[in-house]
Amino acid sequence: MAMKREITVTVNGQQHHSQVEPRMLLVHYLRDVLDLTGTHIGCDTSQCGACTVLLNGDSVKACTVLAVQADGSEVTTIEGLAPEGSLHPIQEGFWEKHGLQCGFCTPGMIMASYQLLKNNPNPTEDEIRKGLEGNICRCTGYQNIVRAVQYAAEQMRTAATAPVGAGE
Amino acid sequence: MGVAAMVGAPIKRREDPRLITGQATYVDDIKLVGMLHMAVLRSPYGHARIKSINTEAARNHPGVVAVYTSEDLKGAVGKVPVIIPLGKMTEGMGIRGPLAEGKVRFYGDPVAVVIADDRYTARDGRDLIEVDYEPLPAAIDVEKAMQPGAPLLYEEFGTNVPFAMHPPTEEIDKVFEQTKADGGIVVKQRIVNQRLAPTSIETRGVVADYNKGSRSLTLWSSSQIPHLLRDYLSAAVGLPQHQVRVIVPEVGGAFGSKLNVYPEELVTAFASMKLGRPVKWIEDRSEALAATIHGRDQIDYIEAAATREGKVTGLKVYGVSDLGAYSQMFTDVIMIGFGYPVSCGAYDIKHLHLSGDIVFTNKAPTDAYRGAGRPEAAYIAERVMDLVAHELGKDPVEVRRINFIKPDQFPYKSAAGAVYDTGDYELTLNKALALVDYQNLRAEQARKRAEGKLMGIGISSYIEICGFGPKGTLPYGLYESARVRVEQSGTVMVYTGSSPHGQGEETSFAQIVAEEFGIPIDSVMVIHGDTDSTPEGRNTYGSRTTAVGGSAVFTAVQRLKEKMKLIASHVLEANVSDVALEDGKFSVAGAPQKSVSFTEVATAANLSNTLAPGIEPGLETTVFWEAEACVFPFGTHICVVEIDKDTGEAEIKRFVAVDDCGRQINPMLVEGQIHGGIAQGIGQAMYEGVIYGEDGQLLTATLTDYAMPLTTELPSFETDSTVTLTTVNPLGVKGIGEAGTIGSTPAVSNAIIDALGVEHLDMPYTSEKLWKVIHQK
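Protein sequences, first through last, are from chains A and B.
Numbered per our numbering, the first sequence finishes at 168, counting up by one with no gaps.
Numbered per our numbering, the second sequence finishes at 945, counting up by one with no gaps.
Keep in mind that the hints were calculated from the coordinates and are not lab data.
Watch out, some of these pointers could steer you wrong.
To be verified - Derived contacts from chain A toward chain B, CB cut-off under 7 Å, selection only:
| hint | residue |
| --- | --- |
| 1 | Gly42 |
| 2 | Gln47 |
| 3 | Gly57 |
| 4 | Glu79 |
| 5 | Tyr142 |
Stated by the list, open to error - No farther apart than 25 Å at their CA atoms in a straight line, the calculated lysine-lysine pairs in the PhoX-like style are these:
| hint | chain 1 | residue 1 | chain 2 | residue 2 |
| --- | --- | --- | --- | --- |
| 6 | B | Lys639 | B | Lys616 |
| 7 | B | Lys621 | B | Lys271 |
| 8 | A | Lys4 | B | Lys199 |
| 9 | B | Lys518 | B | Lys574 |
| 10 | A | Lys130 | B | Lys821 |
| 11 | B | Lys271 | B | Lys247 |
Said to hold, decoys possible - To spell it out: a stretch of chain A is covered by chain B in this simulated footprint if at least three of its residues, at any positions, have a beta carbon under 8 Å from a beta carbon of chain B; those stretches are:
| hint | stretch |
| --- | --- |
| 12 | 7-16 |
| 13 | 19-29 |
| 14 | 86-95 |
| 15 | 120-132 |
| 16 | 143-152 |
On a predicted model such as this, the values are computed, not experimentally measured, just so you know.
Glycine is no exception: its CB is placed at the ideal position from the N, C-alpha and C atoms.
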């Protein structure tokens, strides 16, 4: 077993000091050490995107980032996307448009959608599909996920305030 | 929204708030005090003899608590259950213990387990186990595996074929001869339904927690079958049933793959019982692709006779089902038991001959994957229609019309012996044709062809069988159960024996209850997936949950309504037969001004002080509902493709689906099921396939290699529906979980084949394959 390293990571606005093995994946750090189990593991090889989180505001697949690589960074997970008791427009969109069934890919899909809408607040269907190509859903056939993101884009455009939370 | 309009309303899912906020609990989210982690050592060979296993280094590794092989399990853990063993399987062929004994028979076959303090250490320990294997030739090609001289998985049986079905052919031969003598045609084709990996995004996982004090075992599993798992688990580990509790937490997709009792569930239970500590095992993706069941893998030799008009007079099917190395719960009966009964599809084919072999090979076990036998059957029927149309130069629409079972023929007993409940197949066909604008589409195709472009239109007017039961289908009853309790406050608890895992019955079952009681949906809570709190159920698979489980809920509500009317009649001083429940109020017909509310009756029943003499306190009932017959959903899917001649790349330009699943409790959920089903059906046709090398190596062992459809590879689907009620349950509902998968694959296949102008081409339609056909390489 390798020597543990000390890391400091700010997750959903809260700072954590931890001792971790250098090989520990960020996703295991979030799930097993910090008990933030909303981020899921689907494939271990960065294909499915179930583990997508924001690292310093950009989406990454947490199954291929080491916890030590996140040292000194800010991480936002699904638990921190919206303030307690409220929903982010993307979360609302997935609920409104039946954009999920089993829900397992959903947190990663929502985080990837966040990145997509940050870069392109008014995406076409093709742009949404292209933007979410790195996230696999086995339940929905994606159509309602596209509708969910369109709904969120509409809400976010019409909202007077900027999207809240999200580690920026 | 008025409460009376609950059934049929697209209510947003009540499951979603926890799922979209990261607050749901899947099995890997469970953390118990003192919990250990298990890693599984699997065979790197398709077929090999185990000469020795050295676990010493693993045992001595810091943090490793235990290492187990099949030796340790002897006498302590039973076999992996098989529901209906056929032929030589009744003598033990293909039945396995949880860990390999003497031989490994597929890549991924579990050999040993390591239990350690954390998941990383468990893997470290696993890597320290030394197994000395003697590799053996593998039986991979299923048709070669049937031949004499093929490598044998079970030498003592002298064959890889545990069961074969070859009835005499005289009668069907006569039909074929007569048809030919009358100037008709015979079409023949070998068609392959390739092996698929179900690939729910959540892999399998289990936490076992044995309490040595109470001698009771609690097992959390990502499973479709809490009750079946509890029953088999208790037998396998030798604990009385009441000392085993199975809890199914949130399940991240299953598609049939979690309709099984798996070796890892038995071993974690054993380990926890041995160690007296909780043990968790979470499958990684490569393990899932190697060792969770696969689906399909069936070859069919089909032969159909038809008149010059296109009316099919006889159908002959010889099927070969690739079982893989062992039987899981339904492995051996997928083709014969679930597929063959609907092999004539929506068509009135009077003469049918079915034969087949089921064969063990050095691959992962196959079992129920979304559709389980019915996609293969639909593929047979829908390819037959197009083969006949192709041979006669007729429009495939016309061939389907002339062969359809007509609405006045229901209930219809097919040549396969299945009794179809209700149907109107031309209705969905006509609606789909209108939606796609078929005549203009064919004209467009003609124009494109003239320009040298490859455009294809494929039709599939599928049917399927679901809602299992009825009684007698399996060795156990296929009922479903519901316990419904009206609380003192007027809220309602529903405990269902079904085990939904993404389909949304926490919402749709609540809709049924809210509508029937005339109360707000927020007053209803649906509980599932815990054997301690729910009545014995048969759980969720085979598109049966709403048809069978929903009927149990509906029936329980009716019983409670009767009791509530009786209580209300005393308050209203009226005859019980005159009391009606409307909008949450009990009143006497014609005198609505005097009423007693649903909540008042609930309070009276539960407090009991004010009840009339002779009325039992409380408002709770349990119903076990068993169907008298199966239901047969149907629909028409139309796929439009274009193939790039230079690259061989096929693009689905349009996909139209008109499905009929009877009454829709929640059309939004129905549409969601159709979307997902179509996506998986397209996945089979276009992209997916589990591939093994000749030596038994798995070549599709990560999601880099196993190609599930991505966002950019699917179109938006154009969906619509018709409603043809069933008569076999009180809700009039059929099933929709698998229909999309069953209907879509043949539509894509027929479209590609139409575009290429060939007689047949096996799936998946990769660019390379299509390019080779186009360029005749």
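Okay, the hints, checked on the actual structure:
no.	hint	in the structure
1	Gly42	4 Å, holds
2	Gln47	4 Å, holds
3	Gly57	19 Å, violated
4	Glu79	5 Å, holds
5	Tyr142	5 Å, holds
6	B/Lys639 / B/Lys616	53 Å, violated
7	B/Lys621 / B/Lys271	54 Å, violated
8	A/Lys4 / B/Lys199	22 Å, holds
9	B/Lys518 / B/Lys574	14 Å, holds
10	A/Lys130 / B/Lys821	17 Å, holds
11	B/Lys271 / B/Lys247	16 Å, holds
12	7-16	violated (count 0)
13	19-29	holds (count 4)
14	86-95	holds (count 4)
15	120-132	holds (count 5)
16	143-152	holds (count 4)
Checked against the numbered hints given earlier, this structure breaks hints 3, 6, 7, 12; the rest are met.
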